[in-house]
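Take these sequences, add in the hints, and give me the full structure.
Numbering (our numbering), first residue to last: 1 to 515.
Hints in this document: simulated from the structure, not taken from any laboratory.
C-beta: ideal position from N, C-alpha, C; glycine also.
Incorrect hints may have been included.
Said to hold, decoys possible - Heads up, simulated SDA-like pairs for lysine to any residue below, C-alpha to C-alpha not over 20 Å straight-line: (1) 141 with 466; (2) 141 with 180; (3) 141 with 184; (4) 234 with 369; (5) 459 with 501; (6) 234 with 465; (7) 238 with 272; (8) 234 with 466; (9) 141 with 165.
Claimed, not checked - Pair by pair, the computed Cβ-Cβ distance ranges are: (10) 459 with 13: 14 to 24 Å; (11) 470 with 506: 14 to 24 Å; (12) 320 with 13: 17 to 27 Å; (13) 432 with 174: 26 to 36 Å; (14) 481 with 238: 33 to 43 Å; (15) 327 with 73: 18 to 28 Å; (16) 489 with 48: 54 to 64 Å; (17) 502 with 324: 46 to 56 Å; (18) 330 with 432: 54 to 64 Å; (19) 180 with 506: 42 to 52 Å.
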Amino acid sequence: MSATPTLVLRPGRVSLTELRRIQAGGLRLELDTAALQGMADSLATVQQIVEQDAVVYGINTGFGKLASTKIPHDRLAELQRNLVLSHSVGTGEPLPDGVVRLVLATKAVSLARGHSGVRPQLVQALLALANADVLPVIPAKGSVGASGDLAPLAHLACVLIGEGQALVQGRVVGGREAMAAIGMDPFVLGPKEGLALLNGTQVSTALALAGLFGAESVFGAALVSGCLTLEAIKGSVKPFDARIHEARGQSGQIAVAAAVRALLHGSEIDPSHPHCGRVQDPYSIRCIPQVMGACLDNLRHAARVLAIEANAASDNPLVFTDTGEVISGGNFHAEPVAFAADIIALALAEIGAISERRLALLLDPGLSGLPAFLVEDSGVNSGFMIAQVTAAALAAENQCLANPSSVTSLPTSANQEDHVSMATYGARRLLEMARNTAVMVGIEAMAAAQGMEFDRSLKSSPLIEQQFAAIRTRVAFLERDRLLAPDIEAMRLWAAETCWPDAIAACLPSHAHSL
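Structure below.
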């Protein structure tokens, strides 16, 4: 049996590729020992404040609207415990396992930046939970994405103090049993430790990262499905000429056109119809670089924002050991994450929308030159007719979900927190959007493979033939009507894969693995 690979987390320098691997699981996480001194110094600063009985928010005061209430020294542990329990008010389905792994890792990285004043043992406990796959049960709903993801992070912190619930080998157990499963006793939280655990953007960031990774996967699948459709209808490759895209200068557009050219390199199909009379393909084919390139630019921007946020010190107040100051600010406000999530949502909606239009093109014999609904003996057989209806339904759903979340602020905490980001919902809805898009792209790819089968006298490029073969291992040619729901699910899984040819992987911010 091979050993579990180890990933050393370097606070402030954890990459998107590493975060994608953390989401997938199967790693042992270790903290870079260089971070230990910074944590020890910030802890010493907090302890000095407590010993001097200086009044500092978050250390010996109440929270939020109660910040002016000083707490006696002998009740500080009670204060931190009560904070965790009172904030554990989440509702809804638990967050997915991969998201919880990201939350554990990014919270550990944030605390290890040395600005939080917590014991290193807390960070080690977070990593121990991740390494043992003992995952706190974190309800998905209840955060407005300001003052941090208070409710969901409180449910995580509950496990550390022996409360709440966690998933251990498929069983939901209490927090005390979960801590025993990693060989640790529950913590009695010290000054600021509960607040440091609850403040922060780790849940909204983890959800947005999961949405980004899902968007990257369906982006790659959509480039493949678009090429399959182009070959099925014997479309033109002239709109992908590098000179067109260099003349405009948009970097994503240039990258997508180059990826399509690489995917189609060596195809026998395009040279076979130089005088076919097809002057211009519909926009869903001809403008793949322009539309998908704009999506890629947005994904790249969102990736930069989220890579920074995943490494950020985002609790409050922050400890600065060089001057001995503890400064209250607002790094817990998740507006950068909210905007990034909205941008990813726009990209997901457009990736699906243009894919659905290519699917509709394939089914229309007047535009595609293929049999109606891609099936012989149509009339008796409906072929892909209703699969396109499913894609249209999901495209419409994504259009609604793409409405921005970042502009829907509601004040909380007696108007102390009077503007919030709503980043957590904005990021959470990306998971559903990515799934919807994977279904749409998967249906297009399945239909395009069907279209190619009506004329196999010539081969496509080696890369596209490889993808065609991969599709055929999942779904068979549709000779006559059959139950298509299992095929659609198989193709959804194909579209959600993370390994695509180098021509695609080179475009994507977090893709380290390629075929």
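Taking the hints in turn, this is what the structure says about them:
1. 141 with 466: The given pair, whose Cα atoms are some 42 Å apart, is violated under the 20 Å limit.
2. 141 with 180: Violated. Residue 141 to residue 180 sits at ~28 Å, over the 20 Å cutoff.
3. 141 with 184: Given that 20 Å is the threshold and the Cα spacing comes to 29 Å, the pair is violated.
4. 234 with 369: 9 Å, holds
5. 459 with 501: Since the Cα atoms of residue 459 and residue 501 sit roughly 18 Å apart, the hinted pair holds (cutoff 20 Å).
6. 234 with 465: 15 Å, holds
7. 238 with 272: 14 Å, holds
8. 234 with 466: Holds, because 18 Å separates the two Cα atoms, which is no more than 20 Å.
9. 141 with 165: Status holds; Cα separation ~16 Å.
10. 459 with 13: 14 to 24 Å: 45 Å, violated
11. 470 with 506: 14 to 24 Å: 20 Å, holds
12. 320 with 13: 17 to 27 Å: Since the Cβ atoms of residue 320 and residue 13 sit about 20 Å apart, the hinted range of 17 to 27 Å holds.
13. 432 with 174: 26 to 36 Å: 30 Å, holds
14. 481 with 238: 33 to 43 Å: 37 Å, holds
15. 327 with 73: 18 to 28 Å: 22 Å, holds
16. 489 with 48: 54 to 64 Å: Taking Cβ atoms as reference, residue 489 and residue 48 lie about 59 Å apart, which means the hint holds.
17. 502 with 324: 46 to 56 Å: Taking Cβ atoms as reference, residue 502 and residue 324 lie about 51 Å apart, which means the hint holds.
18. 330 with 432: 54 to 64 Å: Distance hint for residue 330, residue 432 is violated at roughly 30 Å.
19. 180 with 506: 42 to 52 Å: 46 Å, holds
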